[in-house]
Each structure stands twice: as structure tokens, then as C-alpha cells.
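Line order of the protein sequences matches chains A and B. For the first sequence, the tail end lands on 251 under the numbering used here, and the numbers increase by one without skipping. For the second sequence, the tail end lands on 102 under the numbering used here, and the numbers increase by one without skipping.
It is worth saying that the hints were derived from the structure and are not from the lab. Being a predicted model, the structure only gives us computed values, none of them experimental. Possibly wrong hints are sitting among the right ones.
Said to hold, decoys possible - A few chain B residues that face chain A, going by a derived Cβ cut-off under 10 Å, partial list only:
{"no.": "1", "residue": "Asp6"}
{"no.": "2", "residue": "Ala9"}
{"no.": "3", "residue": "Gly26"}
{"no.": "4", "residue": "Phe30"}
{"no.": "5", "residue": "Pro38"}
{"no.": "6", "residue": "Leu40"}
{"no.": "7", "residue": "Pro65"}
{"no.": "8", "residue": "Ala66"}
A virtual CB, placed ideally from N, CA and C, is assigned to each residue, including glycine.
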Amino acid sequence: MSTTELRGRSDRWRIDFLLGAWQMLPLLISVIPFGLILGAAATDKGLSPLETMLMSGLVFAGSAQFVAAGLWHHPVPILVIVASTALINSRHLLMGAALESYMRLFRPAQAYLALFFLADEIWATALRRAAEGPLTPAYYFGLAIPFYLSWLFWTMLGAFVGGVITHAERYGFDFAFAAVFLVILFGLWKHQRRLLPIAVSAAVALLVWKLVPGVWYIFAGGLAGTAAAALMVRSEA
Amino acid sequence: MRVDPVALLTFLGMLAVTYGARIGGYWFVQRFTVGPRLKAGLEAVPLAVLTAIIAPIVLATGPAESLAALATLLLAWRLPVLAAVLGGILTVVLLRAVLT
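Bound-form chain B, shown alone (with noise of 0.2 Å):
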């Protein structure tokens, strides 16, 4: 099977770039001190990043993802993560059908 120099290069780049990112934050932190209005910030990122990742699908997509949003965060209240997602898609695949 081929493989095209061209695209491995390609993928070489992307490599590059990616695990640049991915170590590069890391590595800022770990090496400069970090003062509280940085602090404050790092702490937000994961409840800013994963809101910004999902906010298209569960805000802006239809009533059906909405509701279905609504549903998973209502049984992740009581119930185990597997449950709560299962529960979340169950209320997606029945409401898009009625809904649609």
C-alpha cells in the first residue's frame, strides 16, 4: 500500500503543530510562576472550554438537542455518567423523531 511522501510530510506538520500546542501550555506554566489573576484563569479553562465546545450542539441546533441537553444534565443529578449519557441519547433519537 502507498504512501505518499507528500502526505506524510503533511502529517509530520500536523504532528508538529498539534503536540506543540498540546505541550506548549503545559510547559509555559510549569516553567514561568503564575500569579492569581493567571491562576483564576487556568482554573476557568475547563469549564470555559468545555461550555465553548459544546455550546452549538446544546444551545443552537434545535428544540430536540436542547431538551435532550436538559434530560442528561437532569439524570446526571442522581444517576452514574454511562446512565446519564445513554438516558441523553435515548431522549435525542425519540424527541428528533417526533419533532421532526
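One chain only, chain A, in its complex shape (with noise of 0.2 Å):
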């Protein structure tokens, strides 16, 4: 291989990394006070900086860490907070499967890497890119990699000052993750216009919000809307 055209390669690959952490902007902003709420929680909770980075480097999922650091007392009940993290990452089983189909462009060992950052937000943006046009790694990577690392930094800054951000609401701050995901649904029903799984989603993900205590309702909401359209298929099809 010639030198040019390894050099195209690897301009290629910087060009795709930094349009994926470019339209990764909104997200990167909606995290900071997600981050700093929860690393202030986890000190609150016993918790030093050190072991509140560790959490977030090892198992990189907001809303279980959140869960765990809200279980967290001495003794650690251990096997209560795996368990929960377990039912609460359960839709990230739904979420990698629905990714496979467009992850062609990715070696075995890129791909398991890149399923280590599946956080929802990722997850999100990755799929809005494949409605577009091919998901490359350099893409994804440029997703994932800015993310990781801020949602390390601001939950140890959270940890290190503690309770900074104390009414996020009133900034909005909590409404921007949410208007992330409606773009990027709205955006994706623009390519796939269907109303049936998302009728079915919103109305058993609400009634699971009511009922049942925690994020339940995200994965079941997740089923429900899937298993709709997957009924919705004639048998001789």
C-alpha cells in the first residue's frame, strides 16, 4: 500500500471521527449535569472520587449507576446492585440487536469494543447515521470516545465539588436529553413511517412508569412496541 493512499485512509477515518463528535455536541452538553448530580450523590453516599471514576469508566451506564449509587450503604449489598444494574440493562440487549444489521463496516474485535460504549445516547446517534448512509467505526468512535471520557470527567468533578448543579430543571438541563431523542426519533420515523410501535411503546412504557418503581418501563415499553410490529408481519410473509 503506497503512502498516499494510506494517508487518504487515515484522513478518512479523521474525518468521520470528528463528524461523529460534532453531531454529538447536544449530548455532550445534556451530560454535564447528569454527571456532576451523580458523582455528588455517590460521595454523599460514602463513596470516594477515585471509586465514582471507576464506576463510570467500568460500567459506563447512567441510569444503573445512578441506581446503585442510590443503593449504596455498608455493607455493599452487592448482589441487589448487580441484579438491579442487570434488569435496568436489559434493554441494551434489544439495542444491540438492532444495531447488528448496520455494523457490516466493523471487525469482530471494533465491534465488541464499540459495544462496551452502548449507552443509550450513542446507541441513538449511531442509528441516526445508518438511516443516512453507512455507520463506519471511525464514525462511531467519534461518537463514543468524547463521550466516555466527559462522562468520566464530570462525574469525578461531581464527586471532587459536590452538590454544584442542585436545580438542573430550572436551566432545562433535564428537558435536553429528551429533545436529543425526539429529533433523532422524529428523524428516524422520517425514514420508517411507522406509528404502530410507538403508539404501543408510549402507552405500555407509561402505564410501567405509573405502576412499577424504576426504569422498568423503558424496557418494557421497548418489548411491547417491538413485539407489535414483529405480530403485525403476516405469518406467510
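From these two lone chains plus the hints, build me the complex, please.
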């Protein structure tokens, strides 16, 4: 392979990586209060800043980390925390399965590394990209690496400085992720104009959200909407 | 700075179940033949899961959030993502100030 060819490759890698990082910008901003609040909550429960950063770096799953911090006391209820994490993150089974068909450009090692970073925000932005054209590993890691590093940074800062942001809702930060997901949902819907999975998911999610504590509503709504779409397929098809 | 071994063990357990879920669905779909029914279901996963994540805040939190969600959608019709998101946040801040 000639040097120009190599340079062309690394240029394309860099361009795709930077495009991913740029398109992740709204979520890089909206994650700031969540990271700060989580860090402060974890410190409050007796986790050291280094432990909080380790949790963010190893687990990298916001809602499960919030629940873990909420359950944290001494002696640490390991089984309860791990089981809650498994339940909360069961939605990732569906998400990874749905992303599989768009990861044809990933070598196996790249795919299994990429899946470590499969937070909701990264998954949703990657799907939005996949609806417009091929999803490259460079683009995916352009989403994942800045988001991962900023999650580490903001949770650690929150652990050190404590409850700086006490009224995130005053600044509308808490609405930011909903707005981003809404825009992504709208973009996906333009490519795939189906209302049934959306309607079924919304109805089931709201019902479960009202009746069951925790974030079960995400898995329940997601599964119900998915099942509704699957059942609509005629059996002879 | 201290790292309690029990805390580390807890994080490793959380890592195992989280990474397991993140690769489990992917692994399954890659290894096994996906029939038309499962394929249709998987194609609907993005719509269904995204809807479920935002349903409580968009539909059941209050008029400010619901109206701001509507504003975000209208902005997203014509504007790039960042503009629509910022517009949605601005709307929710204004509506919360007015409505509460």
C-alpha cells in the first residue's frame, strides 16, 4: 500500500471521527448535569472520587449508576446492585440486536469494543447516522470516545465539588436529553413511517412508569413496541 | 485515595451484566438466522425504545414539557439537530417560568 493511500485512509478516519464528535455535541453538553449530580450523590453515599470514576469507567451506564449510588451503603449490597443493573440494562439486549445489521463495516474486535460504549445516547446517534448512510467505526468512535471521557470527567468533578447543580431543571438541562432523543426519533420516523411501535411503546411505557418503580418502563415499552411490529408481519411472509 | 475491594467487586459485577447485555443481543442476531417476524421486530426497536425512554417526560410530566416537546418537533422539521434541541430547551425554561 502506498503512502498516499495510507494518508487517504487516515484522513477519512479523521473526518468521520470528527463528524461523529461534532454530531455528539448536544449530548456532550446535556450529560454535564447528570455527571455532576451522579458524582455528588455517590460522594454523599460514601464512595471516594476514585471509586466513582472507576464505576463510570467500568460500567458506563448512567441510569444503572444512579440506582447503584442510591442503593449504596455499608456493607455494600453487591447482589442487589448487580441484579438491579442487569434489569435496568436489559434494554441493551434489544439495542445491540437492532444495531447489528448496521455494523457490517466493523471488524469483530472493533464491534465488541464498540458495544462496550453502547450507552443510549451513542446508540441513538449511531442509528440516526445509519439511516442516512453507512455507519463507519471511525464515526462510531467519534461519538463514543468524547462521550466516554466527558462522562468520566463530569462524574469525577461532581464527586470532588459536590452538589454544585442543585436545580438542573431551572436551566432546562433535564429536558436536553429528551429533546435530543425526540429529534432523533423524528429523524428515524421519517425513514420508517410506522406509528404502531411508537404508539404501543408509549402506552405501555407510561403504564409501567406509573405502576412500577425504577426504569422498567424502558424495557417494557421497548419490548411491547417491538412485539407489536413483529406480530403485524403476516405469517406467510 | 482508597478503593474498597468490595466496591471494585461490585463495579466488576455491574460491568459483567452491562457488557453482557450490550453484546448479548448483537451476538444472538449474528449467530442465528433471523426470520421475517424477528426482523420486523428488530427494525422497530429504535422507534420503540426511544419512545419508551422519553414517554414519561414528554407525555406525563406537565404542560411545559409536553408543549416544549411539540416545539422541538416543529423546529426539527426545518432546522438542524442542535438548533431544534436548543429551541426545545429554551421553550421548556420559558414555559416552566410562566406556568409554575
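Evaluation of the provided hints:
Satisfaction of the interface hint for B/Asp6 is found here, the shortest Cβ-Cβ separation to chain A being roughly 7 Å, below the 10 Å cut-off. Residue-level restraint check for B/Ala9 holds (minimum Cβ-Cβ distance to chain A is 5 Å; threshold 10 Å). Using the Cβ-Cβ criterion of 10 Å, the hint placing B/Gly26 at the interface with chain A is satisfied: the shortest such distance is roughly 5 Å. Hint on B/Phe30 holds. Least Cβ distance to chain A is approximately 6 Å, under the 10 Å limit.
For the restraint placing B/Pro38 at the interface with chain A, the shortest Cβ-Cβ distance is roughly 5 Å, inside the 10 Å limit, so the hint holds. Interface hint status for B/Leu40: upheld, as the beta-carbon distance to the closest one in chain A is roughly 6 Å, under 10 Å. Annotation: B/Pro65 was flagged as interfacial toward chain A, and the flag is violated, the nearest CB pair being 13 Å apart, outside 10 Å. Evaluation of the B/Ala66 hint against chain A yields a held restraint, the C-beta minimum of about 9 Å falling below 10 Å.
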